[in-house]
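Colleague: Chains as they are written, first to last, in the numbering used here: chain A, 1 to 97; chain B, 1001 to 1498; chain C, 2001 to 2490.
Source of the hints: derived by calculation from the structure; they are not laboratory data. Where a beta carbon is used, it is the ideal one built from N, C-alpha and C, also for glycine. A portion of the hints provided could be inaccurate.
[Unchecked claim] Far from chain C by the CB rule (all over 12 Å, computed), these chain B residues:
1. 1115
2. 1270
3. 1445
[What the hints assert, rightly or not] Result set (SDA-like, lysine to any residue): computed pairs, CA atoms no more than 25 Å apart in a straight line:
4. 2473/C - 2368/C
5. 2087/C - 59/A
6. 2137/C - 1069/B
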Amino acid sequence: MDLSTHDVRHVARLARLALTDAETRTLGDELSTILGYAEQVREVATEEVAPTSHAYPLRNVLRADEPGPSLAPHESLGTAPEAEDGRFRVPRIVEQA
Amino acid sequence: MDALVGRDALALRRLMEAGEVSAVEVVRAHLERIHHTDGRVHAFLRTLDRLALAHAADIDRRRAEGQPVGALAGVPVALKDILCTAGVETTCASRILEAFRPPYDATVVRRLRAADAIVVGKANMDEFAMGSSTENSAFGPTRNPWDLDRVPGGSSGGSAAAVAAFDAPLGIGTDTGGSVRQPAALCGVVGLKPTYGRVSRYGLVAFASSLDQVGPLARTVTDAALLLEVVAGHDPADSTSLPEAVPDLVAGLQDGVDGLRVGVVAELMGEGVSEGVRARVGEAIARLEKLGAQVSEVSLPHISYGVSAYYLIAPSECSSNLARYDGVRYGLRLGGQTAEAMMAATRGAGFGPEVKRRIMLGAYALSAGYYDAYYAQAQRVRTLIIADFERAYRDCDVLVSPTSPTTAFRLGERIADPLAMYLSDVCTIPSNLAGAPALSLPVGLDDAGLPVGLQVMAPLLGEATMLRAARALEADLGFDPTPRGPNALTAPREATPR
Amino acid sequence: MTTTVEQASRYEAVIGLEVHVELATRTKMFCACAVEVGAEPNSRTCPVCMGQPGSLPVANRTAVEYAIRLGLALGCRIAPVSQFHRKNYFYPDMPKNYQISQYDAPICVGGSLEVPTDAGVRHIGITRVHMEEDTGKTVHVGESGRIHGADYALVDYNRAGIPLLEVVSEPDLRSGEEARAYLAELRAIVLALGISDARLEAGSMRCDANVSLRPVGHTVYGTRVEVKNMNSLRSLGRAIDHEIARQADLLAAGEPVVHETRHWDEDAGVTSTLRTKEEVFDYRYFPDPDLVPVAPEPSWVDDIRAGLPELPAVTRARLAELHGLGAAQARLLVDAGLAATFEAAVRAGAAPGEAANWLGNEVLGWCAEHDVDPPGAPLSGPELAELVALVTDGTLSTKLARTVLTDVLGGKGSPRQVVAARGLEQISDRDALAGLVDAAIAEQAAAAQRVREGNAKAIGALVGAVMRASQGKANPQLVNELLRQRLGTS
Ligand SMILES: [Mg+2]
Ligand SMILES: [Zn+2]
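Okay, chain A solo, but in the shape it has when bound:
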């Protein structure tokens, strides 16, 4: 498994990570090595083996629809890097996935 610089840039974009060119290069090599090793998983399990996403088999953990306390706005906004009239402020949003 070899990741091209283009692959790394694409994934970094998906993950919203600004990388330096040096980081992009080293990550390309490191991820290739690690994935090369991790690829072992392809050898073993066959289609008929069901994937396990939860190690402990629980079902139907549901809450009653009863309101509880919310945080006060000043508590929610208390951790905000930037806020304006009771809302969280962010730079302009440019539509794109």
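Given the coordinates of chain A, work out where chains B and C with the ligands should sit on it, guided by the hints.
Modeller: Just chains B and C with the ligands, lined up with the frame of chain A:
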């Protein structure tokens, strides 16, 4: 005072109950010990002197007034900085959460307070619990009290080192792939990962949600059991919290191992395991047999794939769990012309190299076209490993192996080689994948005078059996947890080994 | 687009709708924050719906029940085991930067909706109904006020985490009108089930349309365009017809249709590019490890099925047959969610035609004027019956009755209470009426004479005169009696 910091939690509790010493004295003694040693060890990111002493004074007042106090009243605890403490910095050893003050307490923290245990400080760790050496802390590494040039293991290296350094008798860590057990082994203390869901994850900052579990660290098996009893239990705020009641874990501790069926995992005794580790683990197993256990060798054919599966599953979940750190609602925020640019800049500057590596790994493994080859396939391997364990437990009550293939390594020794670092989790990862409980017990020193840990594993909900086996071995071996050796941290005077 | 009409006729439109329904639960999908419209910004948030580090979701049982209700109403199969997944993408209004949704294990699968159209009933396939959480609300600040050309944005997370059902249709719709009818029928069902107030203009029901064209007779799908921002039934129909015409003109001109998302501008009546999709979305779905599977016990599903209310199609039919309403009138009442009020009024003795008229005209008019959701209109069936009775027994003229109704809807009490309060009650006092009666006899001398001569019918003019003089307050029976006495015919 040093006599006090030498004591384990049970002993301190007795002294305070007998009125021979106050909670304030106990807490002050440990805070002094921390301030005396932490310049060299750096087990803590911050101590909570004022809060801790106030809580201790309140306990002493209540005792004086004959009011009830909790099960761990006045006993100091080192809390990994990945558990949320309301109004108190919780950084996960990351720049992106530097100075972050959560608006709420983790369930574990509420349970500790309800038991009147006293959090003396927030312990250092690998950033967001990603690492096996605590070198990935954004605020500097923690050092191993047994050899200050070596790592304490990780990611709960701060909590383990604090317990080993006699800064506190108890520590709280989290274990996603061995992060409680491996540092326990490297620091010569007891570390336990409970059954997945035994301890609430509410307020535990997520790394890999399907694997994360909070666990106790202590210098004795009994203390570890006491602490687990306090933090374990159902929590309606965590959908994955077990409904099962927590059994009395201390009651049966002394029942011994006569007739206990112990399986030695063949795949984990082979190459890659250092001489010293193999020797001490072998001797410990022999002692178990002497004590009446029926020892046999078992094979878990798929666990050699554990590391591969783990390094696909954990990064995948991590890439999603860490998406929320974007500079909008809390934490670090860098500038940017657009929201997207701001987020990318913030994350690029706020996360360290290992965290970025895992986010990238996970985003890639989950991305279109690779999901089935990587994530889904890893989840299938998980199923096979669970089946291996189930087969083994038809003939065994517990399984044993080394906790770590090697003893503590030098700072910087593996940092340049991520894969080598990942492989040091080979023995501990399978229990996380299976959701099963496991602990590490110190069983001696290798030729370099560094602690060796024996891992005891049990089936789901099997904590009591596991602890009983560990306690029997502990009593027989009489391991002294006091760090010693040419480059070790100086022990507190009159430290009192059992 | 002059050639539009005939161009369009050469192509067949293939339309599928994705409808999001905001559930009327008391709390959010995964936390106990109260759902409350118009609350102070960020005042209905907690660590869970703010995606605070360490917080964890726990699913709302009522939201799951509502999902099953809708699934059963649409004839879906309720999955024995369904799972929540994470849909990963970054957007400031999404606190965790992933949306908890359902991917390959939705709770309801494969149903269909019978849509009444002018061309008869059309069966539109329902691919799936799944549960997910809503996002926060973003205000784009800047002269444009819209996302393009904004300077910065402000986010309110009160809406983040409110439960949504996403209803995905098969691409079975063929025109704007069919899409409109489909959405109207789905909305009527949601209202009947009582799981949402389903207000398109308020955003508690939202609809995206996937539109593609193909030459008539072909089976291969054309390039799909997603159209967003239609916030009324009417604008859905308009937007789709416009998009069909736009694509038809492109195809006719031999130009390619671009795979993109377009934004409907209601005022301009056009769609414009919102974002192109050449960079394909990569949501990296995977099962949410924080949430365990939902496996509804069959007994629970049976109870929900047993508790399902009558569905709109049935109600309409009954209103038509049982109460003799016209199809249009029945649809008007049912789709507005006023069927219950109507039938209560009829049970309380109101003439069906009268009750239907008052609801269909006056009440709906008042609701539109005051931006009130019709089912929430403060008028009970018995109150409506009371009003109708007051008119039929002559106590109130239709004109006065309208005033009374406005007061009733304004919460000023029952019709009789309003009549009393406004002093509109009948005059039944003989002395008080005597004067008016004499005045009427004097005024209508000719009519009076004819009555004396035995023409009973002629008395009507005299009664009318008295009623007019009393602004309709005089008791008609009593007036009759007094007139006959005076004119010696009793
Ligand atoms: Mg959706
Ligand atoms: Zn909330």
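Colleague: Run every hint past the structure and note whether it holds.
Modeller: Evaluated hints:
1. Separation of residue 1115/B from chain C is adequate, the least Cβ-Cβ distance of about 20 Å exceeding the 12 Å criterion.
2. At roughly 32 Å from the closest C-beta of chain C, the C-beta of residue 1270/B stays outside 12 Å, upholding its exclusion from the interface.
3. In this structure residue 1445/B is separated from chain C by more than 12 Å, as the shortest Cβ-Cβ distance comes to about 37 Å.
4. Under the criterion of a C-alpha separation no larger than 25 Å, the hint pairing residue 2473/C with residue 2368/C is inconsistent with the structure, at around 31 Å.
5. A distance of roughly 21 Å separates the Cα atoms of residue 2087/C and residue 59/A; the hinted pair therefore holds under the 25 Å criterion.
6. Annotation: proposed proximity of residue 2137/C to residue 1069/B is violated, straight-line Cα distance about 47 Å (limit 25 Å).
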